[in-house]
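> No gaps in the numbering here: position 27 of the sequence shown is 27 in full-length UniProt numbering, and each next residue is one more.
Honestly, the hints are just simulated from the structure, not real lab data. Please note that a few of the clues may not be correct.
[Unchecked claim] Okay, derived cross-link-like pairs now, SDA-like style, lysine to any residue, Cα gap no bigger than 25 angstroms in a straight line:
id	residue 1	residue 2
1	Lys-66	Gln-17
2	Lys-76	Ser-65
3	Lys-5	Phe-22
Small disclaimer: the values here were computed from a predicted structure and weren't measured.
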Amino acid sequence: IFLTKATSIEKYNLAEQNFSYFFPDEPPTFIFSPASRRRGRPPKRASASLEDNITPKQNTPGNKSKVSRERARFQKQKE
């Protein structure tokens, strides 16, 4: 939402203009892409400079089964 000062509306005659005055070209057409069927929310991406400094979390809810499988595998290797 944009708020415009009353003085700016008077100065530039904005009350008399419409959207096509400011954007005379055809409206953009966007290519349709179907929604992905992934479960859950995609992870947030960090900026490229910060990616190297981030260590992955091992105990996140999605990784619990993977962590428990790895733990069981390590215990079997010890025996």
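> Compare the structure with the hints numbered earlier in the document and write down the numbers of the violated ones, lowest to highest.
1
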